[in-house]
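Peer 1: Sequences listed follow chains A and B, in order. FYI, numbering that gives the first Met the number 0 numbers position 188 of the first sequence as 187, with every residue one higher than the one before it. FYI, numbering that gives the first Met the number 0 numbers position 234 of the second sequence as 233, with every residue one higher than the one before it.
Think of the hints as simulated: they come from the structure by calculation, not from any bench. One should not assume that every hint holds.
If chains are identical, the list can't say which one is meant, so a pair holds when it fits in one copy or spans any two.
[To be verified] Distance condition first, Cα-Cα at most 20 Å in a straight line; then the derived SDA-like pairs of lysine to any residue:
id : residue 1 : residue 2
1  : 152       : 44
2  : 32        : 177
3  : 171       : 125
4  : 32        : 84
5  : 32        : 164
6  : 152       : 1
7  : 171       : 68
8  : 171       : 183
9  : 32        : 5
10 : 32        : 101
11 : 171       : 201
12 : 32        : 55
2 protein chains.
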Amino acid sequence: MSQTVDRALSILPLLAEGPADLGRVADRLGVHKSTALRLLRTLNEHGLVYRQSDQRYRLGARLFALAQEAVENLDVREIAHPHLARLNEQCGHTVHLAVYEEGEVLYIDKVESRYPVRMYSRIGKPVAITVAAVAKLLLADLPETERRALAEKLDYPLYTPRSTPGAAAFLKELATVREQGWATDLGGHEESINCVGAPIRGADGRVVAAMSVSAPNVVVTADELLTLLPLVRRTADAISREYSGKTPAKDTA
Amino acid sequence: MSQTVDRALSILPLLAEGPADLGRVADRLGVHKSTALRLLRTLNEHGLVYRQSDQRYRLGARLFALAQEAVENLDVREIAHPHLARLNEQCGHTVHLAVYEEGEVLYIDKVESRYPVRMYSRIGKPVAITVAAVAKLLLADLPETERRALAEKLDYPLYTPRSTPGAAAFLKELATVREQGWATDLGGHEESINCVGAPIRGADGRVVAAMSVSAPNVVVTADELLTLLPLVRRTADAISREYSGKTPAKDTA
DNA sequence: ATGGTCGTTGCACATTACGCAACGCCCCTT
DNA sequence: AAGGGGCGTTGCGTAATGTGCAACGACCAT
Numbered sequence: 000m001s002q003t004v005d006r007a008l009s010i011l012p013l014l015a016e017g018p019a020d021l022g023r024v025a026d027r028l029g030v031h032k033s034t035a036l037r038l039l040r041t042l043n044e045h046g047l048v049y050r051q052s053d054q055r056y057r058l059g060a061r062l063f064a065l066a067q068e069a070v071e072n073l074d075v076r077e078i079a080h081p082h083l084a085r086l087n088e089q090c091g092h093t094v095h096l097a098v099y100e101e102g103e104v105l106y107i108d109k110v111e112s113r114y115p116v117r118m119y120s121r122i123g124k125p126v127a128i129t130v131a132a133v134a135k136l137l138l139a140d141l142p143e144t145e146r147r148a149l150a151e152k153l154d155y156p157l158y159t160p161r162s163t164p165g166a167a168a169f170l171k172e173l174a175t176v177r178e179q180g181w182a183t184d185l186g187g188h189e190e191s192i193n194c195v196g197a198p199i200r201g202a203d204g205r206v207v208a209a210m211s212v213s214a215p216n217v218v219v220t221a222d223e224l225l226t227l228l229p230l231v232r233r234t235a236d237a238i239s240r241e242y243s244g245k246t247p248a249k250d251t252a
Numbered sequence: 000m001s002q003t004v005d006r007a008l009s010i011l012p013l014l015a016e017g018p019a020d021l022g023r024v025a026d027r028l029g030v031h032k033s034t035a036l037r038l039l040r041t042l043n044e045h046g047l048v049y050r051q052s053d054q055r056y057r058l059g060a061r062l063f064a065l066a067q068e069a070v071e072n073l074d075v076r077e078i079a080h081p082h083l084a085r086l087n088e089q090c091g092h093t094v095h096l097a098v099y100e101e102g103e104v105l106y107i108d109k110v111e112s113r114y115p116v117r118m119y120s121r122i123g124k125p126v127a128i129t130v131a132a133v134a135k136l137l138l139a140d141l142p143e144t145e146r147r148a149l150a151e152k153l154d155y156p157l158y159t160p161r162s163t164p165g166a167a168a169f170l171k172e173l174a175t176v177r178e179q180g181w182a183t184d185l186g187g188h189e190e191s192i193n194c195v196g197a198p199i200r201g202a203d204g205r206v207v208a209a210m211s212v213s214a215p216n217v218v219v220t221a222d223e224l225l226t227l228l229p230l231v232r233r234t235a236d237a238i239s240r241e242y243s244g245k246t247p248a249k250d251t252a
């Protein structure tokens, strides 16, 4: 809609691939160097882009702060967190919280019991949308047309032999998930990892988020993990109730 | 430099305060509603802004992905991580990695031994720049003029009685840190938390990052923590060597 | 029903961003 | 040491682009 802004914003994903110099940016944008320079300067002033010592540009620090504040403003996350932590204490496994947005599913919270290996690595990162339990839960609730359209345009990478092979199978799985009100991922993403998940619903009954518990085969078998299902569903329902019940007014402030 | 982009980007911090409707955004920007609308639409197309069901705008998902990729492209972080993890195994305490950028110091990695309480909360969040050990290390290496200017314009909040009280004291502390090549924060941010840190240097000897080990008083006294100093410095030096030594070429790709 | 609020659209104007070309800088070559 | 190429930077004239206005339409509350 706005050409200038459009061009400027196109620089960000470009720099996400790695640092780039002025010429490269101008080329990729298909604009003159002077134009790219002006855009980069503006981005730089706002801290979204940083100029490193070798004069190349890379994504800037303000981006972290913004993402940080963005995630903290998600009220589902805030409400859900204590419940997730409690569930984690009870079962000891990794607990995830995810939302759907614009064709992507992303983790917005995570509590894990084990070594804190790169704990930040997944927060905000898009999940394996065709196999993850939380993704199934979130997509299963989309309006049918949107769901079909999305399923058709997705890629279906075969992470493992048990990964969802294609759109048809995926849609069928989503139908099942929708009916039963919970979802699993049994080795569909990583061979030895299983998950069970349940949806979190808003006051209008629509799914606003999804949560799951994940554990490796070596700790508990898939069957054993499934025995946690009632607990997971109870937790999700508790979050749903609290989320749809009291929505503390923070309109004006 | 570019008015349109400038206005568009000004919307982001505004939305970071919380969701806002069109009128509010237009007011805050000082532009007509139609102008704000066009800007918001453009931001929306790029996923930086999301329109929630109540029609208000909030920060969007792409922001997470970008911040994510940005942090992953920091090669210091990549090189340092295994060293930090090893240090964590050896001493059991929380280990931080931070960089300086445009007047801010931010954590870019963290390994902690204890409960994973909100582990994402600090990554990318600006640190308490006037007291944190890593901040002292990073600021101590700035060119004098920049260091002075920054020190003067900072606020010096008294988190605790031991917090750095003002610019003069801070500059003096930075001088000490620069001379000795390491830094501490003894209860300057939170009464019961102590840290020791050391700088990571690039090939040219300039400080490119800083790391620290933090532990609460109840686990180890400040004196005991200080006995870890040699280990911390050795780790930092190892990272420095690896960082300045082999810089894998990824220019063209 | 009716007034008010809020988002949306089309349009005419001129402000704003564009590409060009020339400059200056640094590094690499011979 | 002199020459050449690559890269970032600057000023400028042009017109394309973004701007504010005013009117419309949807929705909510009274």
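Peer 1: For every hint, state whether the structure bears it out.
Peer 2: How the hints compare with the structure:
1. 152 with 44: Between copies only: 18 Å across chains, 37 Å inside a chain, cut-off 20 Å.
2. 32 with 177: Close neither inside one copy (52 Å) nor across copies (40 Å); limit 20 Å.
3. 171 with 125: neither (22 Å within a copy, 46 Å between copies)
4. 32 with 84: So residue 32 and residue 84 fail the 20 Å test inside a copy (51 Å) and across (43 Å) alike.
5. 32 with 164: neither (45 Å within a copy, 47 Å between copies)
6. 152 with 1: This pair counts as neither: shortest intra-copy Cα distance 27 Å, inter-copy 36 Å.
7. 171 with 68: Neither: 37 Å inside a chain and 33 Å across chains, both beyond 20 Å.
8. 171 with 183: within (14 Å within a copy, 58 Å between copies)
9. 32 with 5: Classified as both: same-chain Cα gap 16 Å, cross-chain 19 Å, threshold 20 Å.
10. 32 with 101: neither (32 Å within a copy, 25 Å between copies)
11. 171 with 201: neither (25 Å within a copy, 54 Å between copies)
12. 32 with 55: within (14 Å within a copy, 37 Å between copies)
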